[in-house]
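Undergrad: Use the sequences and the hints to build the structure in full.
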Amino acid sequence: MRRTVTIASVAAVLVLGMGTLGPGQKSVVASAQEKTSAADVKIDNFSFGPAVLTVKVGTTVTWTNRDDIPHTVVSTDDPQMFKSKVLDTDEKFSFTFSKAGTYPYFCSIHPKMTGRIVVG
Amino acid sequence: MKNDDKDWDRRGFLQCMAWVGTGAMWTMASGVLKGMPIEQAARGAMKMSGMGGMSGLRFAQISDSHIGFDKPANTDVTATLRAAIAKIKAAPEQPSFVLHTGDLTHLSKPSEFDTLQQVLGELSMPVFYVPGEHDVLEDDGKSYLQRFGKGTHGAGWQSFDQGGVHFIGLVNVVNLKAGGLGSLGDEQLEWLEQDVKRLTSSTPMVVFAHIPLWSVYPEWGWGTEDSARALAYLKRFGSVSVLNGHIHQVMQKVEGHVSFHTAMSTAFPQPAPGSAPSPGPMKVDADRLKKVLGISRMSFHDVHHPIAITDVPLEEEKKTAATVGL
Chain A
1 MRRTVTIASV AAVLVLGMGT LGPGQKSVVA SAQEKTSAAD VKIDNFSFGP AVLTVKVGTT
61 VTWTNRDDIP HTVVSTDDPQ MFKSKVLDTD EKFSFTFSKA GTYPYFCSIH PKMTGRIVVG
Chain B
1 MKNDDKDWDR RGFLQCMAWV GTGAMWTMAS GVLKGMPIEQ AARGAMKMSG MGGMSGLRFA
61 QISDSHIGFD KPANTDVTAT LRAAIAKIKA APEQPSFVLH TGDLTHLSKP SEFDTLQQVL
121 GELSMPVFYV PGEHDVLEDD GKSYLQRFGK GTHGAGWQSF DQGGVHFIGL VNVVNLKAGG
181 LGSLGDEQLE WLEQDVKRLT SSTPMVVFAH IPLWSVYPEW GWGTEDSARA LAYLKRFGSV
241 SVLNGHIHQV MQKVEGHVSF HTAMSTAFPQ PAPGSAPSPG PMKVDADRLK KVLGISRMSF
301 HDVHHPIAIT DVPLEEEKKT AATVGL
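So the protein lines, in turn, are chains A and B.
Under this note's numbering, the first sequence has 90 at position 90, and the numbering climbs by one with no breaks.
Under this note's numbering, the second sequence has 3 at position 3, and the numbering climbs by one with no breaks.
Please note: incorrect hints may appear among the correct ones.
Unchecked claim - Under the rule of at most 30 Å between Cα atoms (straight-line distance), these lysine-lysine pairs were calculated in the DSSO-like manner:
1) B/LYS71 x B/LYS89
2) B/LYS235 x A/LYS112
3) A/LYS85 x B/LYS142
4) B/LYS150 x A/LYS85
5) A/LYS112 x B/LYS253
6) B/LYS142 x A/LYS83
7) B/LYS177 x A/LYS99
8) B/LYS177 x A/LYS85
9) A/LYS56 x B/LYS177
10) A/LYS92 x B/LYS177
11) B/LYS109 x A/LYS92
12) A/LYS92 x B/LYS71
13) B/LYS71 x A/LYS83
14) B/LYS109 x A/LYS42
15) A/LYS112 x B/LYS71
16) A/LYS112 x B/LYS177
Worth flagging that the hints you see were computed from the coordinates, not collected in a lab.
TA: Quick look at the structure:
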């Protein structure tokens, strides 16, 4: 139900945007596409949320640390696919996944914290 | 070592537990801790000092100063570290040296290391360090090693002898593996095996490291995955005291001749295992903060006596501890 409402409201915004902007509709479409190729992982209470995130190829994933303690986002693949600097409170790290696959990662400071990005 | 732990039982242990964090004197006899209220301990100590000729060894432990942390749990960690240093300096009998069991800084920034060095520079005795995970966040811990790791091995491990006691500083915060706990690693463990080989089994041992070397609460990463191997090398020694930090609260455990103890932080408290959604900083009332931060004082009256550990909060509780109803 909630999902239906969300889709409906997004559609309404798009329709409204296209209707009022006229010549500007290209930029509306472009920003909508950017939105669909971005995804977020929140770090709360020493865990990645969601721990497993499924995205499409080409998606940019952004991690945000919302804890009072610093964390990192480090790929456990060999060779290593990505590695953030130390993220203090509210700092972010982004990485764009250009190939399909499963990408496990962890916080190198608190190794109990693990997550996966599934790119399909 | 004389065996005077016959009267040790669960009741006694629980009574001791009740004194933890309220200012208690701990003595370790044949690897077993005994506690008594600090007043009583002080009277005993006064009697001892009256005897004269005691060649005791005293040292202090500071932990988890997290210089650079500025969140609501404590917005001035430099001030509370200063208060901890003042506690050490105010002791009537000065410690010979101080151990810092890691997390000197919060983010391994040069300015944070500078502040830490400046504040600890107020102490007239030497300070021995092991790094916490917060001290090796940048440049593979090189900044830490350059400043605090002179004369140490590998990532900063070391050993030294003081007053007939063998001290071993271990590093369990580097090369951590996904899903795992604190880790010592093969190279350090091999060094440890060689380091203790030449010592007689009657040598009292004090091991210090950041993350607990016992399984406090693996769900929060409060343990060291290969600590059993380290403890195996120390098994033949009659008295082993393991001093840790990391969990920002006093906890202890006794296993045979090995006594484990964690110290308070000087920066912020953390919740008891499993009592909160995460081990993150715990905010307490402003008037309570200095009662849950502090240092530890250790002493050996001589090498044949057990170690005594006193946990000293920055600010004592106003009332004496309530009677323990058991």
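Undergrad: Determine which of the earlier numbered hints do not hold for this structure and return their numbers in increasing order.
TA: none
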